[in-house]
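Trainee: Fit chain X to the supplied structure of chain L, relying on the hints for placement.
So the sequence lines, in the order shown, correspond to chains L and X. Last residue of the first sequence: 127 (numbering that gives the first Met the number 0), numbering continuous. Last residue of the second sequence: 880 (numbering that gives the first Met the number 0), numbering continuous.
To be clear, the hints were calculated from the coordinates, so they are not data collected in a lab. Bear in mind that the values here come from a model prediction, so they are computed numbers and not experimental data. Errors might be hidden in some of the hints.
Calculated lysine-lysine pairs in the DSSO-like style (CA-CA distance at most 27 Å, straight line) [what the hints assert, rightly or not]:
no., chain 1, residue 1, chain 2, residue 2
1, L, Lys-107, X, Lys-546
2, X, Lys-823, X, Lys-50
3, L, Lys-103, X, Lys-118
4, X, Lys-523, L, Lys-28
5, L, Lys-28, X, Lys-200
6, X, Lys-200, L, Lys-24
Here's the letter readout for the chains.
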Amino acid sequence: MPATILIVDDEPDLLLLLKIILTEKTDYKVLTTIDPHQAIDWCREYHADLLISDLRMPEIGGIELLKIVKEIDPKLALIIITAFGTVESAVEAMRHNAFDYITKPFRKEQILTTVEKALKWREAQLSA
Amino acid sequence: MAGGPTLGLTRSSCRRFWGNILKILNFLKRKKSSPPEGWENFLRNKHQCFKDLLEANNTALRVMSRMEAKLAGDFVFDMEYIRSRSEIIFHASQTLIEQLNALGDNRYAELHPVFENIKTRIQNEIQAGTTSGEKIPRVLPLSQVDRRLLMAVGGKNANLGEIKNRLRLPTPDGFVLTIEAYHLVLAENQLAERLGQILEKVEVNDVAQLLDQSRLLRELVLAAQIPSQLSKAVHEQYLHLAERLGYEPQLALRSSGLYEDQELSFAGQFLTVLNVPVTDFFPNYLKVLASQFSPSALVYLHEKGLIRQELAMSVGCLAMVPARASGVLFTVDPLGGRAEAMVLDAAWGLGPSVVEGALTPDHYTLAKKPEIKILERRLGNKPIRLIAALDKGGLTSEAVPAADQFQAALTTEELLQLGRYGVQLEEHFGGPQDIEFAVDLEGKLLLLQSRPLTLLKPENESELPPEIQGPHPVLIDHGSVACFGVAAGPVFIIRQDEDLARFPPGAVLVARHTSSRYGLVLHKASALVVDIGSATSHLAILAREFKVPSLVDTEKATQVLQNGQEVTIDADHLRVYQGRVEALIAAKREKPSLLAETPIYATLRRVLRWITPLNLTDPTVSNFAPASCKTLHDIARFAHQMAITEMFDLGERVGRDQMNLVQLKTTIPLNLYLIDLKGGIDADPRAKFVSPDAITSIPMKALWRGISYPGISWAGPIPIDVRGLYSVVSRSLTGPMPDFWARTLAIISLNYLNYNSRLGYHFATLNAYISEVRSDNYISFRFQGGAADQARRGRRAQFLGTILARLDFEVEVTGDLVVAKLWKYPRPLMEEKLDLVGRLMGCARQRDMVMADGAQVDWYVEAFLAGNYRFAGEPRAHPTS
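Isolated chain L (complex conformation) (with noise of 0.2 Å):
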């Protein structure tokens, strides 16, 4: 069954970047949104394998939202995106169980990379 990846963003453009590097050679099933509301709701329903974040956003800022879903689903892998000059709050992120985060700008085969690892990570927990 192929993975399903959760990204929330409040940047409607670097979601549509990450939704479309992560669905064009594979055949995980992204969704996206813009409300971390909705990604919390979607954690509940979707059973989703792995969460990538913006750091900051307006409501539920990064590090809240990794908390409120790993008392969801603690198995759940997260991806932190950080921009340049916020690496400290990435590392808090880490502090807080991310699996990790990676900073803005980069390239597609980061991303992807970080993705697959973040999935193995995650399958490891299952069969654990």
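Mentor: Chain X in isolation, oriented as in the chain L frame:
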């Protein structure tokens, strides 16, 4: 009449003569007088300005290269990236201008307004690409619209507002229903969620299901109630419009999607309703909104990967133009024919007949330079025209009187005026434009829209497959290309719309004409071949966006080709072959990633249009001036060149006793001048030439050792393959040839070197400081440009980068730019490295032209490192590579 200079002069001319003499004397006096801060401080300050200018130049070019590299289509970035990098380039450009003016006693103040103008253009594009937090009115008069409101009024309206309000060119008057109006309609009718749910399930490969989903979506929109506040606002704007015009006009309602007419054209996907009486306004407004869910629009959105958030429609409402004639103007020949030529199609009556390819329009080619003139005139057969229906609104077609069918729809003066508008619009929007226009019954020209033109010339000629002779009969051998490329598949002839539902994936779409309804299946088609139609039609534009090889105007495709027959289309050579021609198919180009076609990439491309193109290349021509700077790259180039000139002039001005400007006596054709700040040269201060032995500057001496190393050739041509030569020639055709051996300037002191060299098309700078204090030592080297095409220049950059990395430099290669740094090595090692950089600069000369493929780079790297500086045994590129 003979005599001295003053003979025959009037009293006033005598005064002028002596005035000029006084000026010269004053100049000479100034030249000799010492500046208030003293010569040493004066020189130090100027040198500091120069260093700051170089630093700013390097920053600007580095960031430009990185931004340009993002366009390759494999990066993820956001608006913040575009904004922040543009700010860095603004800051660097500002510094360049300030420091140049400080160097040149404010002689370049003219650069300030030029810079401000370009900066405003860029800021407008950034603002246009940003969702504004401000509340925008639901209805706005067209007089208040420009590109800054792109996200509120959509691409088509934003461009039209720009034409009307910034360029002050004639357009119809009108008003705009913004995206806020669209959102209000959706919100008041609780539609957003319902539409979203259906959109999530859209299936573009099942035509029957797609038609159902499209119908459902459109029915929901068409049944919407118009909120009273919107109806009131529209009524008010209509009354204002009627007041301005002096009559109550019928309206043309034109769709303006969020990204329409930007890099994504959405050509013909959304509805335009002409001749709408105000009493029928809202049903027609809803029809335009619903058109974004037409089956072919849904396919387009799906193929472009656009998600729900991108769907929003603004509508332009313009006073209807009862058109005598109308047409389309392309400001470059999209077929890549004559350089500097525009093409124009025109027909009688209103526009849709031209753009839908239902007749053969008049076709013109216009020259752009040195003045607009008609190069070619081909009158078409125009048996029908569309006109506004008198009573009920809408359009009706009528027969054109026989005498007029082959008559020109436009007068010569109208053609020339359109040509002038075309040049103006291209200049304003920063690239080739696709312009729709109409001429009203009084002969007044009106511009209806302008959007970026999709060019269809193949990017790399060398990849074109050869023409095939042999076992495959040629079924069609003429027509016009609408999209280059090669494809094969079974023929599927569309004779009526019902046939679309049965269109099989991978088939070759064959039809009588270019209807935009065929957009519904274009994504499934391997190629498109039609009997009648133009490369300017909406379907042709879509074909280019979907990269579907297409031939139009073949006259006989529907007669010659049979359903199910396997054929190969070679649009590059205007041929359709029977059967699958594997030799052609194997050479076909891959479709590029969708990433590069997203709105954020489009914004970056629009921003970079004002940043990276280089128009000023030759400092010896008269237009090498601030007024000719069209981009920030031009400003950087100009400032850099002038700064070097200023440094030379400084040498002249200060005099030999204060600053030593000398030319190096050498057989190497570098035209190298040295400015010695202190301790860099040991020679007679009055000497105009010095030999290399006189150099005492530690870094210059080391670099010179490398430059003059035995076996390094600085003169004469190097063997180039034909394609390498072609790439150089084509580059020199697209831009002026620079002065080949321009002066090279080195500013030196005992421990310091700043070396600036421009050889032909490439440019190298090197900064170095070498002393006994290891922690102070550094070398910084950058190299950019070349005469060959981008790929070859990139390979030379790889060649340089790889070697420098092997020499322990920290290296960054972006496109054809190489930046390399090395620091904190002890003096002997630093000298050794500089020596090698000198050898490398000589070896890299013209090496871009010979690097025909990536594999050669490794060979050259190894040859250099082995000391084979003449590259004996040089590999030859494969003739077809």
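Trainee: The structure should be examined with respect to each hint, and the outcome stated for every one.
Mentor: Here is how each hint holds up against the structure:
no. : hint                    : in the structure
1   : L:Lys-107 <-> X:Lys-546 : holds, 22 Å
2   : X:Lys-823 <-> X:Lys-50  : holds, 21 Å
3   : L:Lys-103 <-> X:Lys-118 : holds, 25 Å
4   : X:Lys-523 <-> L:Lys-28  : holds, 23 Å
5   : L:Lys-28 <-> X:Lys-200  : holds, 13 Å
6   : X:Lys-200 <-> L:Lys-24  : holds, 20 Å
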